[in-house]
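*Asks:* Using the numbering used here, the first residue of the first sequence is number 1, and each one after it goes up by one.
Any given hint might turn out to be false.
[Said to hold, decoys possible] Taking lysine to any residue pairs in the SDA-like style, the calculated list, with each CA pair at most 20 Å apart, reads: (1) Lys123 with Glu366; (2) Lys483 with Glu540; (3) Lys556 with Glu540; (4) Lys483 with Gly526; (5) Lys198 with Gly223; (6) Lys268 with Gln177; (7) Lys78 with Ser8; (8) Lys12 with Gly77; (9) Lys75 with Leu28; (10) Lys284 with Val312.
[Unchecked claim] Computed beta-carbon distance windows for the label pairs: (11) Lys75 with Gly526: 47 to 55 Å; (12) Gly274 with Gly335: 16 to 24 Å; (13) Asp13 with His348: 39 to 47 Å; (14) Glu32 with Lys123: 48 to 56 Å; (15) Gly362 with Ser74: 49 to 57 Å; (16) Pro30 with Lys123: 26 to 34 Å; (17) Lys123 with Ser420: 58 to 66 Å; (18) Pro558 with Leu231: 52 to 60 Å; (19) Asp306 with Lys75: 49 to 57 Å; (20) Ala464 with Gly304: 56 to 64 Å; (21) Gly335 with Ala446: 40 to 48 Å; (22) Gly526 with Asp469: 15 to 23 Å; (23) Gly45 with Ala463: 26 to 34 Å; (24) Arg313 with Glu222: 32 to 40 Å.
If you're looking for bench data, these hints aren't it; they were derived computationally from the structure. Beta carbons are placed, not taken as given, at the ideal position from N, Cα and C, and that holds for glycine.
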Amino acid sequence: MVRMKEVSEFLKDLLLRAAMDVATGKGLSPGEMPEVLLERPRHEGQGDWASNIAMLLAKPLKARPRELAEEIVSKIGKDPHLEKIEVAGPGFINFFVTNLWVRDVLETAVNERENFGRSSQGKGRKVQVEFVSANPTGPLHVGHGRGAAVGDMTASLLEYAGWEVEREYYINDAGLQMNLLGQSTQARYFELLEVAEKAPFPENGYKGDYIYDLAKEIIEIEGNRFVGMPLDESFPVFQAYAANTILGGIRQDLALFGVSFDVWFSEKSLYEKGLVESALDFLKQRGHAYDKDGALWFRTTAFGDDKDRVLVRSNGVTTYFASDVAYHKEKFDRGFDLVIDVWGADHHGYVPRMKAAVEALGKDREALQILLIQFVNLLRGGHQVSMSTRSGEFVTLREVLDEVGIDAARFFFAMRRCDSHLDFDLELAKKASTDNPVFYVQYANARIQSIMREAASRNIEVAASSSVDFSLLREPEEKALAKRIARFPEEVEKAAYELAAHRIAFFAYDLASDFHAFYNAHRVLGVEDEVSKARLYLVEAARVALTNALGILRVKAPERM
RNA sequence: GCGCCUGUAGCUCAACCGGAUAGAGCAACGGACUUCUAAUCCGUAGGUUGGAGGUUCAAGUCCUCUCAGGCGCGCCA
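When you get a sec, could you build the whole thing from the sequences and use the hints?
*Replies:* This is the structure:
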């Protein structure tokens, strides 16, 4: 069995030898040989693979690219795998492979099933994806949802590409924001008990209604017993109750969204285990930290940052950055080869110092990759819905999930590059119609399942490949569909390499599109037996590819619609 | 003021390491259901890739400048 991937490797080898022959014959030393690459042409009619090697050689050899291309092609000569080779455009060499590949591709897809498209690209290396990591100071909003979807999909994509993946949520349960949360809850408690003057609402406090709900719950559990107590004595109760309850809600929302984490990592635990202190010692010992104006500074400028950053303030309190350095040190100490942080785009200013930290820790700065998630513009009936946790005006992830459904939400988040702003139209996402891409893809699956059900009712099964005549698949729609299926493994590798999960969503859409075109043009059942057999096999392969692509996105597709 | 992201068809978005004729969907217009699901398909129309220079055989992609939007620039997180 020849796989598509092997075909491209084979062609590359063939091409390299021919090009090398031609180039050295014209006096080029092997060291000057440009890299030979095969690419997928954009257009029909430009072959299955193409190479620009002749154009790259044109300059050093001082020759016309087209003539070089002709010469290379004649050196390659004939090969049973190749239907034809053409020289086209400014000097591209286009390869057209024989029909053998249809069999290979479909057979591979059907045989490998849930493993079709998996690769060993990651070579079992360990990667950690840390995402969402929202402060437990309020419910998750839509922006967190996007981060959750992107992080989760990136993680499963990498898993699929042969990495050993761990998903992690970093809980910012230390510091100022947590105090503010406790104070806000405390203030609402007294307000509800009509003694608001006991504890004024803090400036910059959390104003959302959910704080009142927390205060109400505390009244139900504890009654008014805190009224006569000093504020700082009751404070820990408010803070702990608020944080735990909110974090519980966050866990529930994420679980509902189909996102689960391997590790929930507490910022507080870094301090409790002395890891912040030891990270600071590490920096000091290596001369990356210095004292100035009573504070401890990290010389991040030595690693490309604009200015040095404070680790310990002159009042003795460590900064958020200090614990983040400790956290990332801890991550690498756990043995990850690659660490991916998924952040909101508003934190982009933080990237250079974090990269600097990684380098100071003795790691390659590329060992930390940061995905910045741009904002979500939530639309409803054409109007923008504003969001801000502090002001309490926001649409929660939960509300969106309840309204549009989990799969629609996930797919919408998957349909955009993460560094692109996202217009999320609630009306569109829940619309069961043609302009909703989620339904389009799911409908393709429903149609496939429908064919399978009908086949089963006629006692027809997907035949063994050895009894299928694949040369009967010669209609353009059949070939296009087979070709698309063939590309799935490459798409996975490409998407993983670029950390671009959105590619998988586009692939799923394109695959659905090719399937719909095929479905409309040809019947699978009720046609001549041998043709029917070949088409059913094709449909089964399409089912595998579509299922696997949606599996990476964790988007479910119903069997009937 | 400095930095990061974005700018592609009327709208929402793609476009691999720089490749050939910049692609989809929606909206518009015209067609296709006796059959396995028409939530679909086929066709038409729609573009100076914000603008100006530059590098290159080749630029949406790289460089410089510029315009517009978003976001950052703290001993906050």
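*Asks:* Now look at each hint and say whether the structure bears it out.
*Replies:* Results of checking the hints against the structure:
no.: 1; hint: Lys123 with Glu366; verdict: 18 Å, holds
no.: 2; hint: Lys483 with Glu540; verdict: 14 Å, holds
no.: 3; hint: Lys556 with Glu540; verdict: 18 Å, holds
no.: 4; hint: Lys483 with Gly526; verdict: 25 Å, violated
no.: 5; hint: Lys198 with Gly223; verdict: 16 Å, holds
no.: 6; hint: Lys268 with Gln177; verdict: 13 Å, holds
no.: 7; hint: Lys78 with Ser8; verdict: 16 Å, holds
no.: 8; hint: Lys12 with Gly77; verdict: 14 Å, holds
no.: 9; hint: Lys75 with Leu28; verdict: 17 Å, holds
no.: 10; hint: Lys284 with Val312; verdict: 12 Å, holds
no.: 11; hint: Lys75 with Gly526: 47 to 55 Å; verdict: 50 Å, holds
no.: 12; hint: Gly274 with Gly335: 16 to 24 Å; verdict: 20 Å, holds
no.: 13; hint: Asp13 with His348: 39 to 47 Å; verdict: 43 Å, holds
no.: 14; hint: Glu32 with Lys123: 48 to 56 Å; verdict: 31 Å, violated
no.: 15; hint: Gly362 with Ser74: 49 to 57 Å; verdict: 53 Å, holds
no.: 16; hint: Pro30 with Lys123: 26 to 34 Å; verdict: 29 Å, holds
no.: 17; hint: Lys123 with Ser420: 58 to 66 Å; verdict: 31 Å, violated
no.: 18; hint: Pro558 with Leu231: 52 to 60 Å; verdict: 54 Å, holds
no.: 19; hint: Asp306 with Lys75: 49 to 57 Å; verdict: 54 Å, holds
no.: 20; hint: Ala464 with Gly304: 56 to 64 Å; verdict: 59 Å, holds
no.: 21; hint: Gly335 with Ala446: 40 to 48 Å; verdict: 44 Å, holds
no.: 22; hint: Gly526 with Asp469: 15 to 23 Å; verdict: 18 Å, holds
no.: 23; hint: Gly45 with Ala463: 26 to 34 Å; verdict: 32 Å, holds
no.: 24; hint: Arg313 with Glu222: 32 to 40 Å; verdict: 35 Å, holds
When each numbered hint is compared with the structure, violations occur for hints 4, 14, 17.
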